[in-house]
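Student: Following the hints, put chain B in place on chain A, whose structure we already have.
Line by line, the protein sequences are chains A and B. The numbering of the first sequence is full-length UniProt numbering, which starts it at 1 and goes up by one. The numbering of the second sequence is full-length UniProt numbering, which starts it at 1 and goes up by one.
No lab work stands behind these hints, which were simulated from the structure alone. It cannot be assumed that every hint is accurate.
Which copy? The list can't say, so a pair holds if one copy fits it or any two copies do.
With a cut-off of at most 30 Å between alpha-carbon atoms, the simulated DSSO-like pairs for lysine-lysine come out as follows [unchecked claim]:
#, residue 1, residue 2
1, K201, K76
2, K103, K28
3, K201, K69
4, K40, K171
5, K77, K157
6, K146, K157
7, K157, K171
8, K143, K69
9, K125, K69
10, K77, K28
11, K171, K207
12, K29, K143
13, K189, K207
14, K143, K27
15, K125, K207
16, K27, K146
17, K51, K143
18, K207, K69
19, K29, K146
20, K40, K143
21, K157, K69
22, K207, K77
Number of protein chains: 2
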Amino acid sequence: MAKFKELPENTLHRLVIYLNVLDALEKKKIESISSDDLAKRCGVNSAQLRKDLSFVGNLGTKGVGYSVKSLKYNLKKFLGRTQEWNLILGGISPVGEFLLHSKDLQREGFYFMAAFETRPEEIGKIINGVSVYNLDQLGYVTKAIKVDMGVITSEDKPEIFLETFLQHGLKAILNLSPTPFYTDNPDIKIENFTFSMALTKLSFFLKGSS
Amino acid sequence: MAKFKELPENTLHRLVIYLNVLDALEKKKIESISSDDLAKRCGVNSAQLRKDLSFVGNLGTKGVGYSVKSLKYNLKKFLGRTQEWNLILGGISPVGEFLLHSKDLQREGFYFMAAFETRPEEIGKIINGVSVYNLDQLGYVTKAIKVDMGVITSEDKPEIFLETFLQHGLKAILNLSPTPFYTDNPDIKIENFTFSMALTKLSFFLKGSS
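The following block holds chain A by itself, in its conformation from the complex:
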């Protein structure tokens, strides 16, 4: 499916933003929106918006603008968000525990099926209904249930979780550990995020503008 892989990363980033803005508009019972107004709310110009949305195949109706509901649905479908995804967690840490308790992620269709640890004192715990297994047991779990994405929240040994997740065939990783990871394997995708990374972009901005 080369078509999808060729979508530039920045375009993908913007499409995800459009989806969130449309979601907020729908919650406010707004039924239609002009491309100028939608673009403004998304921080882009309307030419950029229309170009990005041409990937999705929804171009709106001239003079009427976009139907919020149908554009949101088409975007959701394009982004793989009309289906549910099964997640596993690697490493019990404060952010890991937070995610296991998150109702937002479940509401959005992301379900944690199991958590994994290497530290004996954590193994066997049940956190908000999710069992913490020994990382050695990952093979049994991936045989028993479909696992789509791995979320790495280990603070001290994130690389062990990454290696083991990839060995067992996971192809999509959200890495929330302090160490960013990369792969040159085009069949694997790793997203890296920490709150401190996001705040560093702000600290650079403030330092430069003061």
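Tutor: Here is chain B on its own, set in the frame of chain A:
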């Protein structure tokens, strides 16, 4: 300080990643690294790495590579991370409570000084030593203490916190609410993030590759 503002957003994103990778290397007691090796760990090629680092002014020594410690220090300084930053929180929610308890952010030099709410039942609480004030009181707080960044974690009315924060002169906002916000004011910077946005990039990838 136009020089800083002209740094492309993607370059900034990569510099933040380099800093995190160097931090992980330092923790592993690695003292020096070649640009090829560093580039690989950061998911870029070494020409890109050298180009990005030329903004920082640290070009390494030919044949020796980079000193991890000194490159990390120079990057930290360039990114405004050698100083401490005062944060306020807007809206008590699960992610807000998580951040108020985060030891990682304090360790990185980001300190929550106060939290704000509009819901009476939340006002007056003290969460991990941080007081929750009525949003109406923001002016008193910004007069009493230096506030650098606002972190919006309100789930239901994030726009009220954004407006009030900007009215009181905040210029750097991390928005973790479900609704992304933008501004065309070059003196203000807003970073938007939710876990669901990060997972959507993975769902798109999996949908396209299956």
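Student: Each hint needs a verdict: does it hold in this structure or not?
Tutor: Hint check:
no.	hint	result
1	K201 with K76	both (28 Å within a copy, 11 Å between copies)
2	K103 with K28	within (21 Å within a copy, 36 Å between copies)
3	K201 with K69	between (33 Å within a copy, 21 Å between copies)
4	K40 with K171	between (35 Å within a copy, 19 Å between copies)
5	K77 with K157	between (36 Å within a copy, 27 Å between copies)
6	K146 with K157	within (25 Å within a copy, 37 Å between copies)
7	K157 with K171	within (19 Å within a copy, 36 Å between copies)
8	K143 with K69	neither (38 Å within a copy, 44 Å between copies)
9	K125 with K69	neither (42 Å within a copy, 39 Å between copies)
10	K77 with K28	within (21 Å within a copy, 43 Å between copies)
11	K171 with K207	between (38 Å within a copy, 11 Å between copies)
12	K29 with K143	neither (43 Å within a copy, 39 Å between copies)
13	K189 with K207	between (33 Å within a copy, 12 Å between copies)
14	K143 with K27	neither (39 Å within a copy, 36 Å between copies)
15	K125 with K207	neither (44 Å within a copy, 32 Å between copies)
16	K27 with K146	neither (32 Å within a copy, 36 Å between copies)
17	K51 with K143	neither (42 Å within a copy, 45 Å between copies)
18	K207 with K69	between (41 Å within a copy, 22 Å between copies)
19	K29 with K146	neither (36 Å within a copy, 39 Å between copies)
20	K40 with K143	neither (47 Å within a copy, 33 Å between copies)
21	K157 with K69	between (43 Å within a copy, 22 Å between copies)
22	K207 with K77	between (41 Å within a copy, 9 Å between copies)
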